[in-house]
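**Q** Sequence:
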Amino acid sequence: MATDKAAEQAARKLGSGTIIVRRVKRDAHEGHHGGAWKIAYADFVTAMMAFFLLMWLLGSTSKYERQGIESYFNTPLSALLGGSADGSGTARSSVINGGGHDLSDTHGGNGNATQQAAPARSVPPDSANDARLALLKQQLTALVDENPKLKAFKNQIRLSTTREGLRIEIVDSRSRPMFATGSSRLEDYAYDILFQIGGVLNQVDNRVSLAGHTDAVPYSGGIAGYSNWELSSERANAARRALVAGHLREDKLLQVRGLADVLPFDRGVADAEVNRRISILVLNKEAERAFFSEAAEASASASRLVDLAAHH
Numbered sequence: 001m002a003t004d005k006a007a008e009q010a011a012r013k014l015g016s017g018t019i020i021v022r023r024v025k026r027d028a029h030e031g032h033h034g035g036a037w038k039i040a041y042a043d044f045v046t047a048m049m050a051f052f053l054l055m056w057l058l059g060s061t062s063k064y065e066r067q068g069i070e071s072y073f074n075t076p077l078s079a080l081l082g083g084s085a086d087g088s089g090t091a092r093s094s095v096i097n098g099g100g101h102d103l104s105d106t107h108g109g110n111g112n113a114t115q116q117a118a119p120a121r122s123v124p125p126d127s128a129n130d131a132r133l134a135l136l137k138q139q140l141t142a143l144v145d146e147n148p149k150l151k152a153f154k155n156q157i158r159l160s161t162t163r164e165g166l167r168i169e170i171v172d173s174r175s176r177p178m179f180a181t182g183s184s185r186l187e188d189y190a191y192d193i194l195f196q197i198g199g200v201l202n203q204v205d206n207r208v209s210l211a212g213h214t215d216a217v218p219y220s221g222g223i224a225g226y227s228n229w230e231l232s233s234e235r236a237n238a239a240r241r242a243l244v245a246g247h248l249r250e251d252k253l254l255q256v257r258g259l260a261d262v263l264p265f266d267r268g269v270a271d272a273e274v275n276r277r278i279s280i281l282v283l284n285k286e287a288e289r290a291f292f293s294e295a296a297e298a299s300a301s302a303s304r305l306v307d308l309a310a311h312h
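Counted the way the UniProt record's numbering counts, the sequence shown spans residues 1 to 312.
Just so you know, these hints were derived from the structure itself, not from any lab.
One or more of the hints may lead you astray.
What the hints assert, rightly or not - Only pairs whose alpha carbons sit at most 20 Å apart, straight line, appear in this in silico SDA-like list of lysine to any residue: (1) K252 - G199; (2) K252 - S175; (3) K252 - Q139; (4) K252 - D266; (5) K154 - N129; (6) K154 - S127; (7) K154 - V200; (8) K137 - E286; (9) K151 - Q196; (10) K151 - R163; (11) K154 - S183.
Said to hold, decoys possible - Each pair of labels, with its calculated beta carbon distance range: (12) S293 - S127: 18 to 24 Å; (13) M55 - E146: 43 to 49 Å; (14) S160 - D188: 25 to 31 Å; (15) A134 - R174: 30 to 36 Å; (16) D145 - A47: 30 to 36 Å; (17) S173 - G199: 20 to 26 Å; (18) A47 - E294: 56 to 62 Å; (19) V244 - G182: 20 to 26 Å; (20) M48 - S173: 50 to 56 Å; (21) R185 - D271: 16 to 22 Å; (22) A216 - D145: 22 to 28 Å; (23) M55 - E286: 40 to 46 Å; (24) R174 - E286: 35 to 41 Å.
These numbers come from a predicted model, not from an experiment.
A virtual CB, placed ideally from N, CA and C, is assigned to each residue, including glycine.
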């Protein structure tokens with residue numbers, strides 16, 4: 001009170017035109033609460049950037065590419081690591097055993113010697129490769145549904161998973177044959193189908209086996225000695241040229257062969273149009289190893305026969 005009276009008296013002496021400023025002391029921590037909005041704003045900007053990036057990706061990818069990405073992220077991790085898809089498989093331990101004592105051993109290291117650690121579960125090395133083949137099948141299915149050049153012939157393109165890998169078959173149609181009768185020249189639509197498929201097959205590193213098939217009707221082209229064996233082989237090579245033109249790498253081709261009518265699609269009807277087909281087999285790693293193993297054995301047998309003939 002004394003201080004206020006002294007201030008009033010001083011003001012009267014100085015005159016009514018004088019302004020006196022009083023400074024009010026505040027706690028030092030009161031000025032540090034004004035930056036929270038910056039964090040919220042930064043979070044908002046980050047979320048918007050992620051949203052527009054997602055919208056851009058959705059707009060710049062095709063339908064079958066999006067399905068392939070979805071399938072990749074939906075593949076159970078246990079399947080890629082060798083466990084069962086339903087989660088029953090056990091994951092591999094990432095702990096590396098050292099040479100010291102196990103500090104977690106409740107028996108102090110003196111337990112029964114028969115209680116040994118279970119052997120590490122062997123992981124099938126081809127699990128990830130099989131998952132990629134399954135993804136390739138989905139991409140091809142989506143490609144057929146999306147591409148106008150392929151969608152019109154959807155009933156002639158058949159995909160199936162076999163023990164050897166992914167089988168792609170382009171079958172003949174009575175109203176729309178792939179080849180003219182007795183000819184190895186591809187019709188334009190059949191060429192387009194193989195051309196479109198060729199580039200997609202490069203998405204996996206698996207090797208490809210190609211086969212031509214005919215029906216059981218004997219070849220009657222008038223050329224002596226020419227049969228369905230030659231015709232099916234030439235048709236398989238015509239398909240090979242179309243696939244390579246569609247950017248299939250030639251080093252992925254493992255074999256090209258003609259099988260005539262020995263493996264009919266419809267065994268009940270000898271001249272069924274589905275028996276006339278081109279079969280593309282994307283081999284899994286097990287089938288690829290079996291192929292090279294058989295080839296090595298055949299080569300070794302041939303060498304032994306040559307040696308025996310030379311000694312005799």
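**Q** Now, for every hint given, state plainly whether the structure supports it.
**A** Do the hints match the structure? See the list:
1. K252 - G199: It holds: about 12 Å lies between the C-alpha atoms, which stays within 20 Å.
2. K252 - S175: violated (33 Å)
3. K252 - Q139: Roughly 19 Å between the alpha carbons, so the hint for K252 and Q139 holds.
4. K252 - D266: Distance of about 29 Å is beyond 20 Å: violated.
5. K154 - N129: violated (27 Å)
6. K154 - S127: violated (29 Å)
7. K154 - V200: holds (17 Å)
8. K137 - E286: holds (18 Å)
9. K151 - Q196: At roughly 12 Å apart (the allowed maximum being 20 Å), Q196 and K151 satisfy the hint.
10. K151 - R163: violated (27 Å)
11. K154 - S183: violated (23 Å)
12. S293 - S127: 18 to 24 Å: 21 Å Cβ-Cβ, so the 18 to 24 Å window holds.
13. M55 - E146: 43 to 49 Å: violated (20 Å)
14. S160 - D188: 25 to 31 Å: With Cβ atoms ~26 Å apart, the hint holds.
15. A134 - R174: 30 to 36 Å: holds (32 Å)
16. D145 - A47: 30 to 36 Å: holds (34 Å)
17. S173 - G199: 20 to 26 Å: The hint (20 to 26 Å, Cβ to Cβ) holds, given that S173 and G199 are roughly 24 Å apart.
18. A47 - E294: 56 to 62 Å: Given a distance of about 58 Å, which is inside 56 to 62 Å, the answer is holds.
19. V244 - G182: 20 to 26 Å: Distance hint for V244, G182 holds at roughly 24 Å.
20. M48 - S173: 50 to 56 Å: holds (52 Å)
21. R185 - D271: 16 to 22 Å: holds (21 Å)
22. A216 - D145: 22 to 28 Å: violated (33 Å)
23. M55 - E286: 40 to 46 Å: Taking Cβ atoms as reference, M55 and E286 lie about 42 Å apart, which means the hint holds.
24. R174 - E286: 35 to 41 Å: holds (37 Å)
Going down the numbered hints, you'll see the structure goes against 2, 4, 5, 6, 10, 11, 13 and 22, while the others check out.
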